[in-house]
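Peer 1: Spelled out from the first residue to the last, the chains are:
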Amino acid sequence: MSVRFTEIIHAFCDNDVEFIVVGNLSAALLGAPVTTHDVDVVHRRTPENVKRVLAALATLRATYRGDPRKLTPDASHLRGPGHQLLLTAAGPLDVLGSLGPGVNYEELLPDTETIRVDGHEVHVLTLERLIRAKEAAGREKDLAVLPTLRRTLAERQRRTIPEE
Amino acid sequence: MERPVADPEHEQAEDFDWSADQDAAGEDLTLIRWFLDLSVDERLRAAENFATEIQRIWEENGVRPVH
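Here the protein sequences come in this chain order: D and P. Sequential numbering from 1 applies to the first sequence in our numbering. Sequential numbering from 1 applies to the second sequence in our numbering.
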């Protein structure tokens, strides 16, 4: 299967979903040379936005990953803080109600950059906040990527300082 | 003492500034600097290409990671 992260982002933007790209894809979009096999997003869990997420997921033909019954998430799943691990027609997608305990969309939004991705304005978690989230998560796969994230952050900061 | 014999490849390498892509700790920044120089859409394509390739390898080998 061809993985098309662009198509996932388009589906969310075309349905006016309020969401933040997090995880390794957010790091890659901000310039960190890290790899990922899926898209991770945190969505706003208001009833209106949950409807928009469901519309985007229908467009993408999303079902639970690894579930032979091909079950699909409903509004009750998306209103909670849990993680919905999905497979879509455009590749794997994790729809997260929160990033870490109790850290929801509204709390993360101030720690995002708005960047233009394939013609759409998209909120992307900052490298600083992603580093903190991965430090807090503390899983081996999170810790392994930290040196690259920290060096990328340092290099980005160095580039914003004018040469003397 | 025998003088080392000049090696054309080493002669060439001496002109290369190996410190140009290192940080203060001596870590190699080549990949980071290259990736930062790409546009956002180019970075997205690079991520997609990697994910497609790893997915292909998983499918060929019957690997289905859930997380």
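Bear in mind the hints are in silico, worked out from the structure with no lab data behind them. Treat the numbers as computed from the prediction; the structure is a model and nothing was measured. Check each hint, because a few of them may be wrong.
[Said to hold, decoys possible] No more than 20 Å apart at the CA atoms, straight line, and that leaves these computed lysine to any residue pairs for SDA-like:
(1) D:K141 / P:V40
(2) D:K141 / D:E48
(3) D:K141 / D:R129
(4) D:K141 / P:V63
[What the hints assert, rightly or not] Examples of chain P residues lying across from chain D (beta carbon under 8 Å, computed):
(5) A20
(6) D23
(7) G26
(8) L31
(9) R33
(10) F35
(11) R43
(12) I54
(13) V63
(14) R64
Built from N, CA and C at the ideal position, the CB exists for glycine as well.
Peer 1: Each hint needs a verdict: does it hold in this structure or not?
Peer 2: Do the hints match the structure? See the list:
Distance restraint check for K141 (chain D) and V40 (chain P): the Cα-Cα separation of roughly 24 Å exceeds the 20 Å cut-off, and the hinted pair is therefore not satisfied. With a C-alpha separation of about 34 Å, the suggested pairing of K141 (chain D) with E48 (chain D) is violated against the 20 Å cut-off. Annotation: proposed proximity of K141 (chain D) to R129 (chain D) holds, straight-line Cα distance about 17 Å (limit 20 Å). As the CA atoms of K141 (chain D) and V63 (chain P) are separated by approximately 18 Å, the hinted pair is consistent with the 20 Å bound.
Residue-level restraint check for A20 (chain P) is violated (minimum Cβ-Cβ distance to chain D is 13 Å; threshold 8 Å). Because the smallest distance between the Cβ of D23 (chain P) and any Cβ of chain D comes to about 7 Å, under 8 Å, the interface hint for this residue holds. The interface hint given for G26 (chain P) is broken, as the beta carbon of that residue sits about 12 Å from the closest beta carbon of chain D, more than 8 Å. With its C-beta approaching chain D no nearer than about 5 Å, L31 (chain P) sits inside the 8 Å limit, and its interface hint holds.
Look at R33 (chain P): its Cβ gets to within about 7 Å of chain D, closer than 8 Å, so that hint holds up. The beta carbon of F35 (chain P) comes within 4 Å of a beta carbon in chain D, closer than 8 Å, and the hint placing it at the interface holds. The restraint placing R43 (chain P) at the interface with chain D holds, with a minimum CB-CB distance near 5 Å, inside the 8 Å limit. Because the smallest distance between the Cβ of I54 (chain P) and any Cβ of chain D comes to about 5 Å, under 8 Å, the interface hint for this residue holds.
Violation of the interface hint for V63 (chain P) is found here, the shortest Cβ-Cβ separation to chain D being roughly 11 Å, above the 8 Å cut-off. Here the hint on R64 (chain P) is kept, as its CB sits about 6 Å from the closest CB of chain D, short of 8 Å.
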